[in-house]
Each structure stands twice: as C-alpha cells, then as structure tokens.
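Q: Here are the chains, one letter per residue:
There are 2 protein chains.
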Amino acid sequence: MEPVKVTFQPDRKTVQAQPGEKVLEIAAREGVNVNNLCGGQGVCGKCRVKVLEGKTRFTGKGVGYLSRKELEEGYVLACQTEVLEGHVEILIPPESRKEDEQILTTDRLMEYDEPVALEEERRPGVFLKRQPLSQKFYVELPEPTLDDNLSDLERIYRDLRKQTSAPTLQTYFGCLPELASMLRSNDWKATVTLYLREMDHPHIRVIEPGDTRARNYGVAIDVGTTTIVAQLVDLNKGEVVGVEASHNRQARYGEDVISRMIFACSRKGLDPLKNAVVNTINTLLKTLVEKAGIDLEDIMCFVGAGNTTMTHLLLGLEPCHIRLAPYIPTATQFPAVQAHNVGLMGHPQSILHCMPCVSSYVGGDITAGVFACGIHDRPEIGALIDVGTNGEIVIGNNEWLVCCSASAGPAFEGGGTKCGMRATRGAVEKINIRDGKVFYETIGKAGARGLCGSGLIDAMAELVQARIIDQGGSFIDLDHPHVRVVEDVPEFVVAFGEETETGEDVAITEDDISNLIKSKGAILAAMKVLLESLGMGFEDLDHVYLAGGFGTHLNVERTIFIGLLPDVPRERIHFVGNSSLAGARRGLLSAQVFHKIESIARTMTYFELSVHPDYMNEFVAALFLPHTQMELFPSVRAMLESRG
Amino acid sequence: MEPVKVTFQPDRKTVQAQPGEKVLEIAAREGVNVNNLCGGQGVCGKCRVKVLEGKTRFTGKGVGYLSRKELEEGYVLACQTEVLEGHVEILIPPESRKEDEQILTTDRLMEYDEPVALEEERRPGVFLKRQPLSQKFYVELPEPTLDDNLSDLERIYRDLRKQTSAPTLQTYFGCLPELASMLRSNDWKATVTLYLREMDHPHIRVIEPGDTRARNYGVAIDVGTTTIVAQLVDLNKGEVVGVEASHNRQARYGEDVISRMIFACSRKGLDPLKNAVVNTINTLLKTLVEKAGIDLEDIMCFVGAGNTTMTHLLLGLEPCHIRLAPYIPTATQFPAVQAHNVGLMGHPQSILHCMPCVSSYVGGDITAGVFACGIHDRPEIGALIDVGTNGEIVIGNNEWLVCCSASAGPAFEGGGTKCGMRATRGAVEKINIRDGKVFYETIGKAGARGLCGSGLIDAMAELVQARIIDQGGSFIDLDHPHVRVVEDVPEFVVAFGEETETGEDVAITEDDISNLIKSKGAILAAMKVLLESLGMGFEDLDHVYLAGGFGTHLNVERTIFIGLLPDVPRERIHFVGNSSLAGARRGLLSAQVFHKIESIARTMTYFELSVHPDYMNEFVAALFLPHTQMELFPSVRAMLESRG
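These protein sequence lines map, in sequence, to chains D and H. Residue numbers for the first sequence follow my numbering, beginning at 224 and rising by one. Residue numbers for the second sequence follow my numbering, beginning at 224 and rising by one.
Hints were generated in silico from the structure; no laboratory data involved. Only a predicted model underlies this, so the values are computations on that prediction, with no experimental measurement involved. Each hint should be verified, as a subset may be incorrect.
Same chains, same label: a pair holds when it works inside one copy or across any pair of copies.
Said to hold, decoys possible - Straight-line C-alpha distance at most 30 Å; calculated DSS-like pairs for lysine-lysine: (1) Lys412 / Lys497; (2) Lys412 / Lys491; (3) Lys819 / Lys385; (4) Lys497 / Lys668.
Using the sequences and the hints given, assemble the complete structure.
A: Following this line, the structure appears as structure tokens:
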C-alpha cells in the first residue's frame, strides 16, 4: 500500500505513515506534541485535533467529548482517528498541546528542609551532620615508598578515616580494576563517593580522578500515576537546583493503576510499562542537567517515591498480585538497586533508593509525605490526605499511625472532566461568582485553557452558594447567563471563547460535578470510617494536611464547603502541596531520614476499606455538598442558613 | 599454503595445522594432553615428544633437556618445534603426558577442622554455630489473606526471623523480579540462601523454589602459581566431598609470577591470564561436581587463597605495580565479587571471597596458612615456611606476626630440574642409598617417572651421607655405579630405564642440586634475617610449620640435613602440607574465621628483604648443605663427625 503523507499544523511538519495508522500514534512516533491523558483509550477527550484535509476515519469512540459544532468543523480525537490515503493535514489546536514543563510542582514543604551543610562546614573528621545518601570526599594520597607501601585501596582508606567518622569502610568491587592506573596517571588525586544507605557500613562506589566534590547531585522523584516530578538537589548544599515535571508516559497503557496492572500482567506488558516510566524520568533528567549546566554523570543517586504499583513498575517487579485480593505486593521495603540496571541515566554507579510502602494501596509517596508533614514526630493527632489519582489517608501521631486508600479517581487532577486540566499555565485556579458575573484567575495570568483542582473546587462552592446548582450537584438555575445546556447536559461556562486562549469556552458540566462529588465523597468517607474505627471523630484531628497538585490558590473555606476536608477549625488545616516529593528529597539528603521513613512504613497499620462493612454507606452519605449529614459541617450549615 | 596434517600418537588423533605452527600450540588447541611447565618458553624440558614422521623444524632452544641419544631418535621439545608440510606424526611419550587429576594434595590440617554442624543440629532459632559463608534456609509460607497481607518478601523475613538470630535481613535486588510468580507457582515453599560475609548484615542472595537445603556447597581454592587445587565442601556438614588439582594454565604465559606480571601488563595480557586461571578452576569444578554427583548450581560460594599476584590476576586487577619498587598492589583486602562476573562457574549468584594479602609478596595463601597452623592463636613463637614457586616465611604468636618473601624458585615443585616433577603418581618420594645400592619408593607404587620434592630432599641428603657429593653440591664419587657424566654434567641415576614407567632413567644432576641449594638457601637466609631483626635465633622457635606440595613422606632429619629447615628439636617441626587450602576451607566454613584471617592480615608486619643489607650475605652463606656455619646445625655436624 502507498504510504500516507501527513502534515501536522501549525508545525508544518510532514511525515509518512501507513494507511490505517492512528493520528496519535503517528504524532507520538514523530515527536509531535499532542496531549493524551488516557493512553489512547478515547476516554479523556484531551487529544482533540482538526482534520484540515485528506481522508481519515474516526471510530467514533469518545465522540461525547466533541460538540456537534466541533464535529461539523472536522474535529476528531487523534487517538481514535486513522489516516487512510493520499495527503492528510491535521491541525493541533493549542489546548491539545502538552506543556509538560509547565506543570506546577507546588512543594510547600521546602521551607522545612534543613541545610545539609555549608561548604565551609566540610572539615576533616566529620561526616556531614545529616548524611546525604551519597557523599564525596577528596583525597590527595602520598606517593608510596618502600617504607609506606600500603596498597592503593588501603591508602584511600587511611585518608578517608581522617576525614570521616565511618567505623568501617567497604568498597564496591567495580572500583578496583582501574584503580592502580587511575591513581598513577592522576598524581594520586582522586574523589571518592561513599554511599551511606547503610549508615554503619558506608560503601565506596566510585573512585574518580581529580577533585569532583563540587559535582554531587541527587534527584528526588515523585513517581505519580499521572504526573512525574523530578527535583535536582545539590547534595553538598542541600539545595534544590531545579524541578521538572511531565505526564507519566505510561498513560498510553491505561489511565489508572488498575488498567496498567492489567496491561503489565498480560501480553508481556511489564517491560513497556517500565520503559515508559523510565523514559519519562530520563527526559526530565536531561532537561534538569541541561538547565543546571551539569552532566548526567554528576547525578550520584536517586530517591523515588511512588505508590506501590508505580514503585513495582519502576523497578520492573510484576504488580500482578497487587490488583486482586488479598492484594500482595512483592515487597514493601526495597533494596537499593543500581540505577543503570533499571535504565535510569545518571552516573553509571548511581543508586536508586525507593521509598518504602505499607501495603498494596498505601505506597512510598504516602510514607514520604507522613515524614514531610512531621505527623510521626508530634504527640498531636494529624491526618494526611493525599489526593492524586487515588486518595490516601493517614491518621496518627508519634505513637501510632493508621492508613487507608480510597478509589477517588483523577477528577481533581483534571481527569474525567470536560475542561479539567492539571495545574499548568492557563488553568483557571480561582473563581468568584458575584451578582451573576464570573471573576476568575488563571495560572501565569494566561488566557484560560481549562480548570485545575482549585478552580474546580471554587466552581462547585460558588455554584452552590450562587444557587446555580443544589447540594446534590444538579443544576437548578438554568437561566443564569453562564448556564447553558449542551446535548441535554447543563453546564456552567466559566470563560467564554472570546477571552480564552483556545477560543473555546471553558465550562464545568453537571457530569463533571457528579464525578468530583464521587471523588471527594470517597475520600471523606474513608477518613470517617478510619476515624470511627479508632473511636474518634473529625473534631479529634489537631492537624489536617492536604496534599496534591491542586494549584496554588486552594481556598480552605471552599475545600471544606464542598466536603473534601472536614469542618475543623481553619488553623488546623495545612495545604502541603507535593509532600511525596518533599519526603523523597529529605530522604535523599539524609540517610537517617531514609531509615526513619522505613521505620514509619513498618509502624503504619493498613485498613482495607474494600471489605469494611460501613464504607459503602458512608460513601453514599458523602455524595452531597458538603455531606448529607449537615451536622458534620456546622460552619457550612451556619453559613448556608445565614444566607437563608 | 596447504595445511599440514598432524597425527598425535598413541591417541591416533589426526588434526589440521598451519605450516609453521608449534606442536605444543596445536596440541593445546586440539585438547591433546602434553605436559608443559614453563609456558612454552623452552626452559622446563617437560614437553619432550618424538617426531615419528614428516617435516618439522626444532628451534634448538632447550636442547640441553635432550640427550644426544634422544636427539638422534627424533626427540624434540613440542614448544620449540614447528610443523612444516605434508603429514607429520608425533608420539607423546608417557612422561610428557599431564596427569592433572593425580596431583597429591596433601592437606595435613584437615584433622583440625571442626564440623560445622550435624544435620540434626539444624534447628529453628539458631544459625549454625560456625557460620559458613553461605547458609540455606527452607521456608513454607502461609498463603496470604486479607488479614495476613504482608508482602512476599516480608513473609520470608518473618519466617527467617524464627529460624535465625540475624539482627537485620537484607535482600539482593535480583531476588525480587521473579519472586511473586515463583512463590505462587511453588506452593509458597522456597529455599533462601543467606550470605554471611558481613555477619551482622546477612544478605539474601538467592530465593529458589522447593527445598534445596541439602545442596549447599562451597569450593576452597588454592590458587597457586604452578598448581591450582580446588576442594569441594559440603557447607551443611563441613565435610570435604572432593578435591581436584591441575597445572595452572597461566603457565603458558610464563613460569613464575614475574614473567606473568610482565605479560599481563603488556600487549593487553591481563585478560588471557585471567581467563587461563578461571578456565583452570572451571575445569576442576566440572570434575568435582561430576564426581560428587551434584550440579554446578549447587556451588553457592568460593574462597580463593593465592599469592597477591595470583589473586589480582584471578580478579582481573592489573598486577603491574606489584612487580616494581615500591611493590604496591591495588588492594590487599578484597571485596566480595559475584563469581559469574569473574567467569567462574557455579550458581549464578555465587560469590567469590579472596583471602586477604599482607603485601605484594605475602599473599592470601600465607594469611590462610597462618590461621590453619594456629600461629596467631598461641603465646609460643611459631614459624610458617611455605615453599611454593616462591618461599614465604611468617614468624610470630598471638601478639605479633612478621613476614617476608624469598625468591626461592620452583625447584622443590619439580621446576628447573631434569627429572623433577610434582608429587603425583610415579614420583619418587623416598630414597635410601645403602652399600652402593639405591632403594626408592614412588607415589602410588607406580613405575618411577621423576622426583618430587621429598625425593629431591632425600636424594641430596643421601648423596652427601654416602659421600657421592660434597656439602657444596659437587659430585666427588664419579665411580659410584649410579653416577655417570652426561654431556660434561655429572648426575646420579635414582632409577634406571629398565624399571621406570617411561623406560628412561630418572636422575638428579649436579645442576639440579645447585638449583635446589639456591632454593633452600634463599629460604633459610630469609628466616635467619627475619629472626635476627627481631633479636632472635632459630632456637627461639617453639613451632616450625613446613607447608608445600613436597610429597607424603617428607623426612624431618633429611629436611634439616640439607638446611631447608633449621636444626631445632624434632618435635617442634610440623609438616602441614597445603596450609593455604586448609585456611581457605576454614574461611569458607565460617564467616568468623574469614574475618579473623582478615584481621591476621592487618596484624602482620612485612619485611622487604630486597633492600635488607644482610640478606645477600646470608644467602651466600646458606649455599651449602646444610650451611657454611656448621655451628647453626649442631646435630647435623655431630652426625657427620660421628661418621668421620
């Protein structure tokens, strides 16, 4: 068959394809930037493109994401459209372009980081007080003589013992074959990299010529199901040098962890999933080192924090038994592994350490987050609510910790909603409705492109307060100038096309609201069941930490108003952003912290909600804004009553 | 050029070769068994073959190893003879056949071994008292349930903690990828292999299906310059299951460590030397497992003991700076290394541990020997004299240890002597000369093939006592019926051709005796200098341990008589055979012992004889039987005087 010529606009990029190939696949292969959240399943509606010319075939799956007008204009979903013959010309509109690098990585816990050490503190005889997982030491060895004839390796040990308080030193065998030549051709000057995961048994993993101490970097990685964030950290100074984020390329194999597990455990799917996450991280690494002006080989170690499935997939461990009862992972505490063996770039001897998990559905992202919030460290009762593709809840203090997981879905990350998007440039993050008018703010003050988590929360709270929807999420004011009905579904237009970047309206539909209510209901119900099993209630929580990529302007009142957070005194509520990343960074910067997080993971008691008799009732009761039992939300009730 | 057809007799094996190829190389390539000690340098005379037919060219190097009669009959050295054209027929006479498997491996220290544990001692809750470097544990895990939902790895840890007293458990990452499937398809029954080199930090390196506890073997290897000996040990029972020995195939690259170092450090010679020793060991391993009826995969760990150069070559570390002042090895204590990475057969995850060295010329064979003899353990002063290709001496007790190395050469191992051979079948190991008649015994009661170490010692002592040679080693009785002069060199015929296996005479020449005197002189001088530097004399030695492959019937009186051992009370002298192998086995059977040997190595003080002002004078003074200062050997003097 004749190949098809495909031109992508506005890039004017022309490529060849086989008849029958999908537009999304062609774009992915040729490096053309097309958004895609569901992995080409036709269920996210994010890959809308316009066929300008030529013969194509749209399967029709996901047609609900396109309006009649759009269909008439030639819009299709790239993942559901095949090119057929001749010359095909495709327009990728602005809203369908990925903007990976612009994902906001709110990390509100950075201020809690303690500096590892200032350069001037690096004096002989002491390790850095907080031992980063890799430390570099410079040695200038005296040339051997007949009277001082220690072996090359023992000469290094002798020097290191003066610089460190390490009780014993061990060496990775791979350092030895080149050692003799290297020392002699470099004037006996070398830099030794110690790995300190086993604090009492530091291992020399790298011995390289000259003084490379200044180039000692680590990378903390939040390995999210939807989004992956990597932070480049100067391990000498304890400072964050850069941060990059990207969609997890695994998304092409399924939007959520369940569909990825099914893929991984059939048709030899483990390797593609592993490669997808590794490639995603490697792309971030390349950008990080380029922007920081360092080399990939300056990256000496990694700490990854992800949910249990993501951690298994990153390490190439089969996640098949995580999915089905009794939900058993291969491991919850993970041995260190040479990063190159996993496929990560960086120094060839660099090590990947993964944050420990508690169970199949409470992973390393959560244990890292508990540490970052300090819940394990205080006598007061704290709760961590991490809203990602799943919702996880931890409650406890310095004596005990319990946790559970709720299938919240990715609604607050923009998934499954018509104009939902992640907290990137152009996302509406703040909304007010006053006197029939809508005021909104976007991230980066850009033209509106969609609604991120905080924007969705604001929208729901404002729509109830403006009596446009009721507390069940149904539209009750169909006459409002911003309300319209599209194909029988009412929706509220936040920004009309004339003022958006895309020229398309940004709206929230009744279906979107229903999804969001299910998400927040799953989380609140889980927290309530967990507290009740401890004989406690919301009022017993001294601190509530909300983690997740909501956007920068999350509003406490509104978050309580919709019932995502319990109605507790406002000063008890802390928005902590990406607590997983913060915990990973803390572990990277201190072996003690890494071990503390491992001990936190062992301490945490997991509650399996799927078999809890009360959970389903509580879930149904929470499908209301804020909740069917209004007495649980006295301040919200008071406010609504005061408005009459 | 037309290839040459070469037929080897008596095997009747016909092969093709290139014109100009050496007979020894053709034989090596085609697996035809031809002896060779010097590595094809023409300096050992062990590869004599007879050209029966065809055109060949003998370079003439090493012609001194052939008598005129032999030359007339067509004998040549295989390493110095090229095949030229047509059909060449070569006879390999019996004395030129390797009999690798028959090398005696006198290991007189086996009786000191303590059994690791009897099978019935293996009960839950205790490690084996003396921890072998690898131990196997069987687990039958309860199937997980929602109430008992530990991860696969944690289930194993939980079971192991009941069986062992290990404070912490760690796992090699490579165990994890297949773990989930393996446990589920094998009814949750598995055998876990722990590696215990770091006693407080045991590592799980292998998790395999079913109960394989019974198959837990290790191999102790004496990595000698000339001979390699491997002992297969049942790590459960602490019993030796088999032993095999072989010429070190590195010999083709040079007879002694110096020439091998030169080869290794030029022309990319490290890899061939490493491969040669690894292949030698692998051949032994295959024979060991075949005879024991086990699989190569049942070998879980290795302990190698060799001199510093041999250890470097085995591990693939460049030995280049060992050779030249100030004689610096890459390392003296060696990290554990995955045996497969070195090239050794055995379980893919098996580990090679190398015995620690002291310096470039006192290696792991000696530290292992010190432990095996127990010198480090007693207040009395002990001396270990290890006579191999080099001679090493250690003196000390439980408070201090000093050591040195003497370039003794391989004369007592059969090198550089006309009819010298190692202690294998057919070696004359015992000689008496009475009333002009010669009585001798051979190993295995076979027809004589040559003289091993104890035979050479006996010959020298008897020749002096019978006044056939003088104390300087010169022949004085040329009329003795067993004495004759061959090409101007007098020699003593121990066994005439009519009673030998080969039909050739077995004799010791004046040149042989001169070589042997140099060897023993180097060793005795070294011991004297070492003692004097401590303010001590031979009389201060409470125990003298003589190690080396001399043969089974070493005679104390004669060993003193020739001046290889000092003239101390006879009960102080102990022939310990292969103490290096014994020490390696003890280390294999106990991590505590391995660590003790590492600490012994750190304790030992090395004396560099090459720069010692007295050494050369002492060496010259020792070139006499037993010594020019007869007052040092009062009992020998008394005996000689009593005979008038």
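Q: The structure should be examined with respect to each hint, and the outcome stated for every one.
A: Results for each hint:
no. : hint            : in the structure
1   : Lys412 / Lys497 : between (39 Å within a copy, 29 Å between copies)
2   : Lys412 / Lys491 : between (48 Å within a copy, 26 Å between copies)
3   : Lys819 / Lys385 : both (28 Å within a copy, 25 Å between copies)
4   : Lys497 / Lys668 : neither (37 Å within a copy, 66 Å between copies)
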